[in-house]
Every structure is written in C-alpha cells, then in structure tokens.
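Asker: Residue numbers (our numbering), protein chains in the order written: chain A, 1 to 396; chain B, 1 to 344; chain C, 1 to 408.
Don't read these hints as lab results, they were simulated from the structure. Bear in mind the structure is a predicted one, so any value in this text is a computation, not a measurement. Glycine included, every Cβ here is placed at the ideal spot set by N, Cα and C. Treat each hint with caution, since some may be false.
[Unchecked claim] Straight-line distance between alpha carbons at most 30 Å, and here's what the computed DSSO-like set of lysine-lysine pairs gives:
{"no.": "1", "chain 1": "C", "residue 1": "333", "chain 2": "A", "residue 2": "23"}
{"no.": "2", "chain 1": "A", "residue 1": "131", "chain 2": "B", "residue 2": "211"}
{"no.": "3", "chain 1": "C", "residue 1": "16", "chain 2": "C", "residue 2": "272"}
[Said to hold, decoys possible] Residues from chain A that keep clear of chain B, each with C-beta distances beyond 12 Å, as calculated:
{"no.": "4", "residue": "150"}
{"no.": "5", "residue": "309"}
{"no.": "6", "residue": "325"}
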Amino acid sequence: MPHPESVLLGLSKLNNILEVDPKARTARLQPGVTNLAISEAAAAHGLYYGPDPSSQIACSIGGNVAENSGGVHCLKYGLTVHNLLCVEMLTVEGERTTLGGGGLDSPGYDLMALVTGSEGLLGIVTEVTVKLLPCPEVARVVMAGFDSVRAAGDAVGAVIAAGIIPAGLEMMDALAIQAAEDFAQAGYPKEAQALLLCELDGTAEEVDQHVEAVTNIFNQHGASSLRVSSDDAERALLWKGRKSAFPAIGRLSADYYCMDGTIPRSQVSHVLEEISKLSAKYQLRCANVFHAGDGNLHPLIMFDSGDPQQLARAERFGADILELSVAVGGCITGEHGVGLEKLNQMPSQFSEAELHQFEDIKHAFDPALTLNPGKGIPILKRCQEYRALPRRHSHD
Amino acid sequence: MTDALQQLAARVCAAKADATPLYVHGGNTKKHLLGRTCSVERTLDISKYRGISHYQPQELVISARAGTPISELESALAEQGQMLPFEPPRYAGQATIGGTLAGNLSGPGRPWLGSIRDSVLGVQLINGSGQILEFGGKVMKNVAGYDVSRLQAGALGTLGVICEVHLKVLPLPEASVTLARDTSPDEALALMTNYAGQPKPLTGACWVNGKLYLRLAGAASAVEHTAQIWGGDRVDGAIWTQLQDMTHSFFTPSAELWRLATTPTAPCSDQADQCIDWGGSQRWLRTPPASIPQGAHLNLFSGGDRQTEVRGKLDQVQQTLQLRLKKAFDPAGILNPGRLYSWM
Amino acid sequence: MHVELHPRYSDNTEAKRAGELISACVHCGLCLATCPTYLDTGDERDSPRGRIYLLKQLLEEGEAGAVTRTHLDRCLSCRSCETACPSGMQYGKLADIGRGMLNIEAPRGPVERLFRFSLRQTLSRPALVAALLRTGQLFRPLLPPRLKRKIPLRQTPGAMPVSTQPRTMLALSGCVQSAATPLTHAAAARVLDRLGISLKIASEAGCCGAVNYHLGAHSDGLDNMRRNIDAWWPMIEAGAEAIISSATGCGSTLVEYGDLLQHDSVYAAKAKRVSALCRDIADVLVDEDLTLLNIERDIGRVAVHTPCSQQHALKQPDIVNTILRRAGFTLAKTRDDHLCCGSAGTYSILQRSRSERLRQRKLEALQVDNPALIVSANVGCQLHLDEESKIPVKHWIELLDPLTHQGH
Ligand SMILES: Cc1cc2nc3c(=O)[nH]c(=O)nc-3n(C[C@H](O)[C@H](O)[C@@H](O)COP(=O)(O)OP(=O)(O)OC[C@H]3O[C@@H](n4cnc5c(N)ncnc54)[C@H](O)[C@@H]3O)c2cc1C
Ligand SMILES: Cc1cc2nc3c(=O)[nH]c(=O)nc-3n(C[C@H](O)[C@H](O)[C@H](O)COP(=O)(O)OP(=O)(O)OC[C@H]3O[C@@H](n4cnc5c(N)ncnc54)[C@H](O)[C@@H]3O)c2cc1C
Ligand code: SF4
Ligand code: SF4
Chain A
1 MPHPESVLLG LSKLNNILEV DPKARTARLQ PGVTNLAISE AAAAHGLYYG
51 PDPSSQIACS IGGNVAENSG GVHCLKYGLT VHNLLCVEML TVEGERTTLG
101 GGGLDSPGYD LMALVTGSEG LLGIVTEVTV KLLPCPEVAR VVMAGFDSVR
151 AAGDAVGAVI AAGIIPAGLE MMDALAIQAA EDFAQAGYPK EAQALLLCEL
201 DGTAEEVDQH VEAVTNIFNQ HGASSLRVSS DDAERALLWK GRKSAFPAIG
251 RLSADYYCMD GTIPRSQVSH VLEEISKLSA KYQLRCANVF HAGDGNLHPL
301 IMFDSGDPQQ LARAERFGAD ILELSVAVGG CITGEHGVGL EKLNQMPSQF
351 SEAELHQFED IKHAFDPALT LNPGKGIPIL KRCQEYRALP RRHSHD
Chain B
1 MTDALQQLAA RVCAAKADAT PLYVHGGNTK KHLLGRTCSV ERTLDISKYR
51 GISHYQPQEL VISARAGTPI SELESALAEQ GQMLPFEPPR YAGQATIGGT
101 LAGNLSGPGR PWLGSIRDSV LGVQLINGSG QILEFGGKVM KNVAGYDVSR
151 LQAGALGTLG VICEVHLKVL PLPEASVTLA RDTSPDEALA LMTNYAGQPK
201 PLTGACWVNG KLYLRLAGAA SAVEHTAQIW GGDRVDGAIW TQLQDMTHSF
251 FTPSAELWRL ATTPTAPCSD QADQCIDWGG SQRWLRTPPA SIPQGAHLNL
301 FSGGDRQTEV RGKLDQVQQT LQLRLKKAFD PAGILNPGRL YSWM
Chain C
1 MHVELHPRYS DNTEAKRAGE LISACVHCGL CLATCPTYLD TGDERDSPRG
51 RIYLLKQLLE EGEAGAVTRT HLDRCLSCRS CETACPSGMQ YGKLADIGRG
101 MLNIEAPRGP VERLFRFSLR QTLSRPALVA ALLRTGQLFR PLLPPRLKRK
151 IPLRQTPGAM PVSTQPRTML ALSGCVQSAA TPLTHAAAAR VLDRLGISLK
201 IASEAGCCGA VNYHLGAHSD GLDNMRRNID AWWPMIEAGA EAIISSATGC
251 GSTLVEYGDL LQHDSVYAAK AKRVSALCRD IADVLVDEDL TLLNIERDIG
301 RVAVHTPCSQ QHALKQPDIV NTILRRAGFT LAKTRDDHLC CGSAGTYSIL
351 QRSRSERLRQ RKLEALQVDN PALIVSANVG CQLHLDEESK IPVKHWIELL
401 DPLTHQGH
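This is chain A alone, in the form it adopts within the complex:
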C-alpha cells in the first residue's frame, strides 16, 4: 500500500524478456516480466527459473528482487538472491548502475545481495539477469494425509534426517486443506488434520529411489492416506491447491490476514498448538500453510473487516504470532517483507542499535528517504510511538 501522498511508479508495462541465453543458462529481463513468464520463455530450451512464489502468474521479477521471494521449491533451489546474476538499478538520484555481473563474483561490496529483499527502499530495479536451471528429467509429488499436525511435522524432520532434500516440502492444516480443495478439486484428503506435499525431482533413477524412501517414511509416521503423482498433469493439479491456498481462504472468510514468520522446523507442532490457543482466545479461525522444508509458516487469520472489533483482534492475534516466532528462535518475515504491516514487530526482532544500522544503510542510498517512504524500517524516534499506537491495518 503506497504512502497517501506518494507518486506511484508502475513498472508492470516494462515486461519484455530481453534475452534468453540457453548456453550460459541466463535470461535478461525487464522488471515487469512475471515470474511465470520467465520459465515459459525458458521452457523451449529445456530450462526454467527456480524460485516459484505461489503468486507467480501475477508477480514481477522486480517485485521478487525487492522481496527476495521464495517459493515451494526454495529449499533445494534457493531464494531469488541465489538465482540472480546481475541487477541494473536506478539510484534515487536517477543514476544507472549495474550490480553483479556475468560471473558469480563481483568486485567491492555485494550490493546486489543487499538490494535483494530491500523492499524497494534502496533503488529502482530496471533490469534483472537471472540464472536458469535445466528442467529435471522427472518430478513427482508424494501427497500424504496425517491425523495430527505433530505426526506430519515429525515426518518432515525424518525426511531431512534421511539426507533427502526434496524439491518442495509443504504442509497444510485442516482448514487450509478444505479451502484449497474447494477450489482446486485436487483430491486432497478432506478428513486429514495435516497434509504434506513432497516433490522429488532429478533423474528417473534418483526420483524412484527417493519416492520409495519418502513413502516409507510417511507410512512409518502413520500417514492416513498416500498418493504419488503419476504424470505432470497430476503433479500440477496437486500443486494447484497449495498454490492457491491463500486466496482460497477467501471462500471461508471475507478477509484474511496472512502472517509470514519463519521458525525452526522442529518447533512447528509447538507453534501450531500455541496458534490454536490464540485462535480460541481471540475467537478467530486461523488456517495454516507451511513451507515445511524451510520453516516458513503462513498462518491465515480469518476475520471480517466490516467489524472493527474483529479487525482489532486479528491484528493483535497476528502480532502475538510474530512474537511467538521470534521467541522460538525465528523471525517475523520469511518472504513477504516488512512493509507497513510488520513495522511494529521490527523492534521485537531487532535492538535499537540494529535498527539504527538499517537507517544508516538507507541513508547511504536514499538520504532524503524518498523511496517507499515509511516502509520496511521503522524510523527510530517513532519506534516507541509505534509500539503504543493502535494502527489501523487496512486490507485495501
């Protein structure tokens, strides 16, 4: 949401794919190119772009750089920052510079890494060169339903302990399963308390080997249902539900408030139990979608923004969840960024000196605080006020 008095700089029309180099396995893109369009363009060469946020049909590579977006495949293939080679940026003074380069290292400070995930606060990304990966020979999804979140959480741990890094490993709880299934009709087990989707990719032999291992692990952990995708259409269908899970919650509730804390994987059962206590306390339902592979938890708090009381409760509920994430050793945002929404929680993760350091970095790039004013980093002298002020969280 932009500052009420700010000028909105829309880059979505800069949507040309400037070059795909199949030999060097790179693509040079304007910032408005959508994430999915990159992989579609690369497909002709048997290549694809790794990070695949669920919003991939709509979100732009410029936005991905600004948020350091991940996706269901980021445990194995990394976040945006891991898949970039070069970023062309306009400074706030309007000067153009190129960060990164054709090789894997660049001289001086790694400003490309710093700008990635900086929420558009340091400069305007005008061109991006990404790495492309060869499309795996085979990819299959193992879907398993469990009677409890704990059993599913343990099964996740066991997969990692077995030395397998799945291409994707996602978990959904009962409410999320219900909403996603209503939309996607993917055949999710609606009676399950937790669902795991585990994608294994690689050469045909490797996938066979890993599918067998994962299936055994899930069975040992008491999976109540199990299904392995037999072709790419079925695999896409199984992912469709997961990838639409956020907005599908709109079927259960007028509004939802999506949280984005990351927690140590082993804490997931504990955190979900705490969330269900909070849900009772605030009298608001909460569905949970979890990038189980990398510990990124998305509780979706359901409320009706037409009811100011519910709105206020949803905000407090959300704040409690973020503080819980920090308390168990995690952080307040894994991939969606701080924006305006989580400014209040920044002081629970960072000390005053740390926030000061952030401010100094911002000053180095944008001394007059022109870019995305008021976002990402709380202005220190107002920190205390922020803590005290009941913000109006708005969804529109």
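The hints should help you fit chains B and C with the ligands onto chain A, whose structure is shown.
Answerer: Chains B and C with the ligands only, in chain A's frame:
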C-alpha cells in the same frame, strides 16, 4: 553476552576513540590474498573467539564463532553426515569461518552448491562504532530488514568484525564419482556448458593440465547411471580437494595469480598455463587477459603489487554508494582501511 | 473485502447483492494474468481486480463517472477471471449488476444510447437478423472486401430427420445462429436422430436474453426469458428430457434463468426447472455411444477453440476435446486456451479494435500446430474467427454429422 565478545567490542570502541585503524584477522592466512595489503599496525585477532555455538542437524543449521577453524566445523558436520555446501579452503586447518565469510571463498562446487554468501543465514557483527549487532538468524528465510549478513561476504572485514556466523548446511552426497578425459581448453569449455545444461547430478567441472574433470554427486543410482552415459576415465576425487584448498600444483606460488569471474560461455584465454573452474565461470590466469569479457570481473588474487588496486574497477555511481555504505558501518574508517580499495 | 454501502443504496437490493459478491475478493491479483483486457492495456483498471475496486467505489461513494463506465465497457464478460479466482469471486454476476447500475448512475450520451438500443432490438430478434442477413448475402458479391468478410456465406442446412425417436429433447434455436449458421442446428438434429433422440423446436421461443441482459437492459432481458419459458413449458410437461443449446453463449444464459428470476413470484419455480433441464449439445454427446455415427475422420488436424462461455461459465473446458478425441479425430496443439477470441457477444461491434487484436492473437494461438480447420462451440466465436481466418472455422458438431461430409 560473553566477556570475550565485550572485550572485542571494547577494542573497537577504543580504536574509534583514538582514531587508530585496526586490521582484523582470524587465521591470518589471507593477509596477502584477495585484497590489498593493509598497512595497519594494530591488529584485532579474533582467532581465539571460537567454537561451535549451536548445531541442530535436523534444522540443517550450524552456528559458530568467527574464529572457529573450517576443519573443526567440517568434522562436526561429517559426524552427522552433513557438510558445508560451499567447500571453503581449509588451509592446513588455519582458515576460520569469519575469514572465509569476509573473503567469500568457495570451492569448486560453487555454480551448483553455492558460495558462502549463499549459505550464510545470519551474523553477529561489531560495527565500526563498537556496537554488537545481530542480523538474519538461524532460520532458512528471513527478509526482515536489509540483508547485512550476505553483505559481509567479500567485504574483507571492512564493514565490521564478524563474531558469529549462522550457516545453512546440506547432507553429504550418498555417492560421488569423478570422470576425467584429455581435452583442449576450448573443447573443455564447450563440454562443460553442454553438461551443465543437462539435468544430471553435476557438482564440479574444471580443466587443468590438459584434462577435463567432472564430478557427479548425489543419489547413488543417478550418479552411477550418469557416469555410464557420459563416459571417461574414473579417477579418485583428489582434484577437488586440491582445488578447494588451492594445493594443486597449478597454484604453487607464482609472481601473480589472476582470477577472472565471467560467464561460462566467454571465450577461452590463449594463455597456455591456465586453470578453468566452476564449469567455466572462474578462470585462473598468470597474467591479466588482453581484454575482459563483457560483465566479467578481474581480481589480482595473489602476488604482484598489492599496494595498487587489485580488484575490478567500479563505476562512479557504485564508488559513491560503496563509500557511503562503508561510512554507514564504519564512520571513523578504522576497520581494515584500504584493504578492499585504496579509497575505502 | 468489506464494502461499506453508501446510504443512498441502503434499500437497493442490487447494490446489496453487489456488496456481498465483492466480499469474496481478497485482492490477491491472481486473476490479472488471465484477463485479456489487462494483458492488452496493462492498466489495473482494465483488470478484474481493478473493475471490482471501481464498483466498490461506486457502491461506497454512491456515484461513478465515465471512467468507471469505460473500463467496465472494455470488459468482455469472458469470466476467465472467475476460473482463475481461488476465492470463488462471481465476477460475471457482479459485472452484470454493475452495468445495470451504471446505466442509471453514469448515463451515456443520446447517440450511443440509440446505437446500443438498436443493436439490442435487432440482435434479440431472430427474424430481423435473418432478413438483414439474407439481404446482405444477396448483395455480398458487390460489397467491398472488408464488409464482405463480415457477411458469412449462406449455409445449406440439408435435410432434417423425419422419423420420431423414443427420446425427445427441446432445442433453443438461437437468434444469430438460426439465421447465420443453420447447419449447426440441422447437424445436431441429425446426430441426435442417429442416437435415438428427436430434437424439437418451440416456434414461439426466441433469443435467450443474453444480448439485452449483458448490455445492462435487465428488464428486456428478463422478458425474453419469460417468453421462452412460456413457449417451452407445454413440451416440458409433455416429457422433454432436456433443453439443448448448440451455442454455448446461449447455453450459459439458460443455466442462469433460475438465478436471475429467483425473485419473480410467478416464474421462479419454472425458471429453476428450465435451468436444470438445460444442457449443451456436448453434454449430451459425451455420454452417448459415438460408434453409432459413421464419421469421416481423415480431415487433418483439428484445432478446438473453446469459447469462454463453455470453459468459464459452463465450466467444461475439455468436453469438446474429449468427444472429438473419442470420435477418433486428431487434435492440434493450441496455446493460451483460456483467453477470449474477442467476439464476446456484441463486443466485436462495440469495441472493434480491441476485439480485432484479440482475434489476431487467438488465431495465432490456434494455429501453432498447423491445423486443417478450426472448430468452435459458439456461433458468435465461429463467425468472428471465420471473418479473418485463412482456414475454415466450423461448429464442431458438423464433424460428427455424416451428411456434412457428403457434400451437402
Ligand atoms: C591461492 C591461495 C593461496 C593461498 N595461500 C595461502 C598462503 O600462502 N598462506 C596462508 O596462510 N593461506 C593461504 N591460503 C588459504 C586461505 O587464505 C584460507 O583458506 C582462508 O580461508 C583463511 O581464513 P582466515 O581465517 O585465515 O582469514 P584471514 O586471513 O584472517 O582474514 C581474511 C580477511 O577477512 C578479514 N577477517 C578475518 N576474520 C574476520 C572477522 N571475524 N571479521 C571481519 N573480518 C575478518 C580479514 O581482515 C581479512 O581481510 C591460500 C588460499 C588460496 C586460495
Ligand atoms: C496469493 C499470494 C501468494 C504469494 N506467495 C508467495 C510465495 O509463495 N513466496 C513468496 O516469496 N512470496 C509470495 N507472495 C508475496 C508476493 O507475491 C511476492 O513478494 C512478490 O515478489 C511481489 O511481487 P510483485 O511484482 O507483486 O511486487 P509488488 O507488490 O508490486 O511490489 C512489492 C515491493 O517491491 C517493490 N518493487 C517492485 N518492483 C520493484 C522494482 N522494479 N524496483 C524496486 N522495488 C520494486 C515495491 O515498491 C514493493 O515495496 C504471495 C503473494 C500473494 C498475493
Ligand atoms: S483472483 Fe479473485 S480474490 Fe484474487 S483479486 Fe482476482 S477476483 Fe479478487
Ligand atoms: S470477464 Fe474477462 S475481460 Fe472481464 S474482467 Fe474478467 S477476465 Fe477480464
């Protein structure tokens, strides 16, 4: 917060107070590598600040104080069947994790397994004002605030004293095979690009002394099957350790060692004595190439005149930004002044 | 998303319904990439989410201007956004209500009003369309090429089946279809006849009401629907198994009768029954034994164009492909199947240049695999594509009709 840490912070505070620069070092193995020689008298030795502080194999995360030797980390990980994905040089057990991050050193698996910059999840840092700060964390994803942790990679200690590092680790591969064959460097480059474009478990591709080496690592079935398809002589994996630790005969001290970071498809240098690593993305040369390919960066890695600039030139815009950034972390300019660039 | 209705609308049932519909949207933006007009202009206001926000503004501020109308006019009503929306947003219904409200809140100038009025009056009257078309076809040889292409060649429908079969179904003969592509109905009747079904027509029935309703003339549209219900009712009572439409655009309106007339105390129950009985011809054939037909399959690769009404309204995106594949035809690969061809009812007349761009894009997407012909399931799309297509465009039912291949 430990006393040792407070003492380190106090030393930085004191240095700032009397405006006397510090040279930060761990194992001190890289004093004359990577950057310019830093002619600073007062040193801050952090090699005593060491030890693994936190390791949960199931989380794929390890945390260690900056002075911890790489070899210590590696043996702790190996016990749990895990490894540092970025395969850093260990240099006879001297290299520390802090120095490795500061130097952004990574081994032959870089294009496939990533660099230390890619693996670092969080750092504890003392900035130039002597403040102890924590950025990132012990979890896989974190976008709260700017990514100060990754910014330390390659900064050669000029933005702060790294005190503790949190890293993502990976399981050791189930199997690994090295294939070798005789080729010209041009042919090797073409083959590397071709193989890297295939969805096979390739994790290393280099050319040195007339031979192309390919490393396959991962699930046993995939490694074995690919090795059969690709063919070549099966040799032991010694070449990879030699590249990782730079103990290969190619690296025996020479007057100058240049490193070119470029696209894998950039044309091959005509210098007879060269080493190609990272599937073509890293070229080691004895003398600077006649021309630098578009988008590539050249660094005088070791030897030569280390009082002049040894790193690639930055454009004016970036010089300004980098200098301002340096000031943001180290306003008094006391941390490794001149180590990265003479003007910084 | 919550809508705070403007006090002006506190007693307005349409406005309330619109507010409820909007509450399903969680503004995630996943619909944007599937919206043909957003892909065309890149303007958020030409996207589903943008239009939802514009209507939200109308409901909350109690007024709207020409800008809102312009962006709503550009909407094709293709409902691609509905298929994409995980949150279950019923955009089509919202757009219809919005258009009705805008006709009142932001009235058009007199010239435009008159044009739209005549368009509705003409297209919703089959006899008038037929007469105009005949005249056009008569003078076709004399017309300049541009106009010539607009007038389809006269079709020879061929002999209708005469026998009486054990099962009967009713046919909606359609307005434009009965005049421009009579072969479609005839072919459907022959195919069903082979399968043991007689297809009957109620002569008093006419336009399904879509033309009027989607242009915001709600009461005229509802009148069309009531008239059709009256015409069909005796035959329904006499045991007709289904009401068959062979134009998915009309079919998708028929299934909405029940919903649209739910507040009509006289017609509500009948409308519901009609909607329940309504089926597209594909819906019938997908369950039948196609080996009873003797079909000429050796006609080259067939590119299937799936009309928006079929995939996004009737939600049967693959049904024609399934039937043709089962019947033994070789289908050509196509791209971007979810995007509208630009025909969209009266859109090709009211938004000509945009419609032509969409058609160009669609023709390219249909021909990536060099097909021998294109088939569609809706007369509007068929005629629209045929105007510019270098290869023949037919209704798919013609492929199953043995008579068609014997040169009739
Ligand atoms: C081609 C080659 C040749 C080599 N030759 C030699 C050799 O001749 N001799 C040798 O000893 N090693 C050599 N090495 C090994 C290499 O230097 C080590 O592998 C490296 O990892 C050492 O780490 P360190 O802890 O010793 O770093 P250090 O040398 O202590 O530090 C490296 C840089 O990081 C900074 N730094 C270190 N720790 C911190 C910290 N905690 N916070 C902030 N900044 C920090 C330092 O200021 C310095 O700029 C060689 C390596 C290569 C690649
Ligand atoms: C349904 C849904 C699912 C999602 N799933 C995921 C997921 O799985 N993983 C994930 O990581 N995220 C996810 N997200 C979050 C979001 O999609 C990503 O953060 C995405 O990268 C945002 O891209 P955008 O193009 O929409 O950016 P915008 O929303 O337009 O912008 C985001 C921020 O980036 C800045 N920005 C945009 N472009 C530039 C530029 N060129 N230069 C500088 N700054 C710029 C903007 O100022 C703004 O602060 C999801 C969101 C939704 C709605
Ligand atoms: S996809 Fe649905 S919920 Fe999302 S913006 Fe579009 S209409 Fe709204
Ligand atoms: S109906 Fe079609 S044109 Fe209209 S908003 Fe939806 S997708 Fe866009």
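Asker: A separate judgement is required for each hint: does it hold in the structure or not?
Answerer: Results of checking the hints against the structure:
A threshold of 30 Å between alpha carbons decides the hint, and for residue 333 (chain C) with residue 23 (chain A) the separation of about 28 Å falls inside it, so the pair holds. Using a Cα cut-off of 30 Å, the hinted pair residue 131 (chain A) and residue 211 (chain B) holds, with the two alpha carbons roughly 27 Å apart. Proximity of residue 16 (chain C) to residue 272 (chain C) is assessed by CA-CA distance (about 23 Å); at most 30 Å being required, the pair is judged to hold. Listed as a non-interface residue, residue 150 (chain A) keeps its Cβ farther than 12 Å from every Cβ of chain B; the least gap is roughly 15 Å.
Every CB of chain B lies more than 12 Å from the CB of residue 309 (chain A), the least distance being 29 Å, so the non-interface label holds. Non-interface status of residue 325 (chain A) relative to chain B is broken: a Cβ of that chain comes within 12 Å, the nearest being about 9 Å off.
Comparing the model with each earlier hint shows a violation of hint 6 alone; every other hint is respected.
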